[in-house]
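Next come the chains, spelled out residue by residue.
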Amino acid sequence: MFMRSKLEQELRQFIAENFLVLQERSVKNDESFLENGILDSIGVLELVSFLEEKYGIEVASGELIPENLDSISRLTSFLEKKLHCVKAVACALDEGGRSQRRATRQVAAPSRCPEL
Amino acid sequence: MKSSSATSAAILKIDPAVEANRIAVAMRRIVFNELQRRGAVVGVSGGIDSAVVAFLCARALGKERVLLLFTPENDSSSDGLRLCHMVAESLGVCCAKEEISPILNAMGCYERRDEFIRTVVTEYGEGCKCKIVLPGLMEAPQYPISSVVVQFPTGETKTVRLTAKAYLGIAAATNLKQRTRKMVEYYYADLLRYAVVGTPNRLEYDQGLFVKNGDGAADLKPIAHLYKSQVSQLAAYLGVPKEIQRRVPTTDAYSLEQTQEEFYFSLPLDKVDLCLYGKNEEIPAAELAPVVGLEEKQVERLYNVIESKRRATRYLHLAPALVEPVKEV
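First to last, the protein sequences are chains A and B.
Taking the numbering used here, I'd label the letters of the first sequence as residues 1 to 116.
Taking the numbering used here, I'd label the letters of the second sequence as residues 1 to 329.
It is worth saying that the hints were derived from the structure and are not from the lab.
Take these hints with a grain of salt, some might be off.
Below, in silico cross-link-like pairs of lysine to any residue (SDA-like), each with a Cα-Cα straight-line distance of 20 angstroms or less [to be verified]:
hint, chain 1, residue 1, chain 2, residue 2
1, B, Lys165, A, Ser41
2, B, Lys129, B, Ala171
3, B, Lys63, B, Asp190
4, B, Lys309, A, Gly37
5, B, Lys158, A, Asp40
6, B, Lys158, A, Glu17
7, B, Lys165, A, Glu35
8, B, Lys165, A, Glu67
9, B, Lys309, A, Gly43
10, B, Lys297, A, Glu17
11, A, Lys54, B, Thr119
12, B, Lys242, B, Asp270
13, B, Lys309, A, Val59
14, B, Lys212, A, Ser41
15, B, Lys63, B, Asn33
16, B, Lys297, A, Tyr55
17, B, Lys309, A, Lys54
18, B, Lys242, A, Val27
19, B, Lys165, A, Phe19
20, B, Lys165, A, Ile57
21, B, Lys165, A, Val86
22, B, Lys165, A, Ala60
23, B, Lys221, A, Phe19
24, B, Lys212, A, Glu10
25, A, Lys54, B, Lys165
26, B, Lys279, A, Glu35
27, B, Lys327, A, Ile65
28, B, Lys212, A, Cys85
Chain B is nowhere near these chain A residues, computed Cβ spacing over 12 angstroms in every case [as the list claims (entries may be wrong)]:
hint, residue
29, Ser5
30, Lys6
31, Gln13
32, Ala16
33, Asp30
34, Asn36
35, Ile42
36, Ile72
37, Glu80
Cβ coordinates follow ideal geometry from the N, Cα and C atoms, glycine included.
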C-alpha cells in the first residue's frame, strides 16, 4: 500500500510538472488524461520515456493502451504490475544463478574443483 | 445532431466550376485590395494541392502574375522537379528552382536529425534513409506512438519506436526544411511585391498537419476550406495533369517516401475526409459508419482522434499573443 501511494505521488508530480504547469489544480486519480486534454500523443511518448527511464521497465507496443496509461490509477496499477514482473524476473535470475551454482557444486564436487 | 440519411461520399461533391470562380473572386479581392500585392508566389512540390493552388492563382490573378517556386533538398523525391515543370508548362507561368540543401546543411538540419535517430538506431549512418510512421488507427486500440523506419544501404529495414527525446529532436530538425522553404518564398514575395499563397487543404489545416512559421505561414490559403476529395474534384476540373492527380500525398520531408496517412492520419485520406465532414456536421457515428465502411466504434474513435488533434495543434493556429491589445493597428 505504501508502495502504491508513493508511485501515485511520483506520477502525479510528473504530470503536474510537465502537463499542468501553472494550473492551479491537481489531476484526480481516475481522471482521463486524453479526454481531459492533459496529454496528447507526444505527451504519451514523454510519459512512456519517463516510466522506462525512472523505473527501469520496458513498455511493449502492445501495452500502449488507455487501459494501462490513461489515468493516475491505471498508470499506477500498470506500473505495480510491471515492477512486480521486473522483481520476479530478477529473483528468478538470481535464484537461477544460485541453483546453477548449487548444481555446479554438486556436479563439480567429485572432481574436487579447488575454486568451489 | 444532423440526420445522415442522405449521407454518402456524394455529400462532398461540389460544383467545381462554381467553386473555382468563387475562389478566384475572393483571391482577386484579397491579393489586390486587402493585401495590396501584385501577384502570387506559390511553393510547389509536385503534389495535387500545390498544383491546384497554382492553377487557381493563374486563373484568378493572370498567369503573368504568378511565380511557382520549387525548393528541393537532399531528401526530396526525384520526380518532384519534373512534376513542378509540368505544372508550370501547363499554365505558362514562371517557375524558379532554389536548392535549399546548402542552407539546411549550414544550419545542421541533417546532422541534428541523424544524431537523434542514432539515439534509437545506433547503426544509422551514411547511405541510410528514414521516415517516421504511426500505427494504423484501426489496428489494436493503442496510442498513436511514432516509430522511425530506417532503410540501410543493403535495403534491409528496421522499425524502432521513438523516445520522446528522439521524436522531438527529429521533428525539430526536420521542421527547418518547411521554415527554410517559407523563407525563400518570402524572399521572392518581397522582391516582386507578391503575396505568398499557402496550399493546405481542410484536413491539413483543421488537423494541424503543418509547421508553424513553415508551411503554415502564408498571406492567403485559398483551399483551406476544401476537403481533400473536393480538391481532387477541382484538380480534375482545372485540368491539373493526371499524373499529379493520381500521386499519393506525401510529406516531402524524409528520405524514404512517407505518405500523409502513415505519418499523421493513420487512415486512408478518403475515410478521414468523410469522418471530418461527419464530425463537423454532427452526424451520429452509427449513421456515418456504413458510408465510410467502418464500424460505429471505429468512427466514434476517429471523432475523438479528430478532436484530440485539434486540441494538440491549437497552438499552431494562434497568432503571437499580446499582453494587451494594441488598438491602433
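We went through each hint and held it up to the structure:
no.: 1; hint: Lys165(B) x Ser41(A); verdict: 13 angstroms, holds
no.: 2; hint: Lys129(B) x Ala171(B); verdict: 15 angstroms, holds
no.: 3; hint: Lys63(B) x Asp190(B); verdict: 19 angstroms, holds
no.: 4; hint: Lys309(B) x Gly37(A); verdict: 10 angstroms, holds
no.: 5; hint: Lys158(B) x Asp40(A); verdict: 26 angstroms, violated
no.: 6; hint: Lys158(B) x Glu17(A); verdict: 34 angstroms, violated
no.: 7; hint: Lys165(B) x Glu35(A); verdict: 24 angstroms, violated
no.: 8; hint: Lys165(B) x Glu67(A); verdict: 24 angstroms, violated
no.: 9; hint: Lys309(B) x Gly43(A); verdict: 12 angstroms, holds
no.: 10; hint: Lys297(B) x Glu17(A); verdict: 34 angstroms, violated
no.: 11; hint: Lys54(A) x Thr119(B); verdict: 18 angstroms, holds
no.: 12; hint: Lys242(B) x Asp270(B); verdict: 18 angstroms, holds
no.: 13; hint: Lys309(B) x Val59(A); verdict: 24 angstroms, violated
no.: 14; hint: Lys212(B) x Ser41(A); verdict: 18 angstroms, holds
no.: 15; hint: Lys63(B) x Asn33(B); verdict: 18 angstroms, holds
no.: 16; hint: Lys297(B) x Tyr55(A); verdict: 35 angstroms, violated
no.: 17; hint: Lys309(B) x Lys54(A); verdict: 28 angstroms, violated
no.: 18; hint: Lys242(B) x Val27(A); verdict: 53 angstroms, violated
no.: 19; hint: Lys165(B) x Phe19(A); verdict: 16 angstroms, holds
no.: 20; hint: Lys165(B) x Ile57(A); verdict: 17 angstroms, holds
no.: 21; hint: Lys165(B) x Val86(A); verdict: 25 angstroms, violated
no.: 22; hint: Lys165(B) x Ala60(A); verdict: 18 angstroms, holds
no.: 23; hint: Lys221(B) x Phe19(A); verdict: 32 angstroms, violated
no.: 24; hint: Lys212(B) x Glu10(A); verdict: 34 angstroms, violated
no.: 25; hint: Lys54(A) x Lys165(B); verdict: 15 angstroms, holds
no.: 26; hint: Lys279(B) x Glu35(A); verdict: 16 angstroms, holds
no.: 27; hint: Lys327(B) x Ile65(A); verdict: 48 angstroms, violated
no.: 28; hint: Lys212(B) x Cys85(A); verdict: 43 angstroms, violated
no.: 29; hint: Ser5; verdict: 26 angstroms, holds
no.: 30; hint: Lys6; verdict: 24 angstroms, holds
no.: 31; hint: Gln13; verdict: 17 angstroms, holds
no.: 32; hint: Ala16; verdict: 17 angstroms, holds
no.: 33; hint: Asp30; verdict: 18 angstroms, holds
no.: 34; hint: Asn36; verdict: 10 angstroms, violated
no.: 35; hint: Ile42; verdict: 7 angstroms, violated
no.: 36; hint: Ile72; verdict: 17 angstroms, holds
no.: 37; hint: Glu80; verdict: 20 angstroms, holds
Checked against the numbered hints above, the structure breaks hints 5, 6, 7, 8, 10, 13, 16, 17, 18, 21, 23, 24, 27, 28, 34 and 35 and satisfies the rest.
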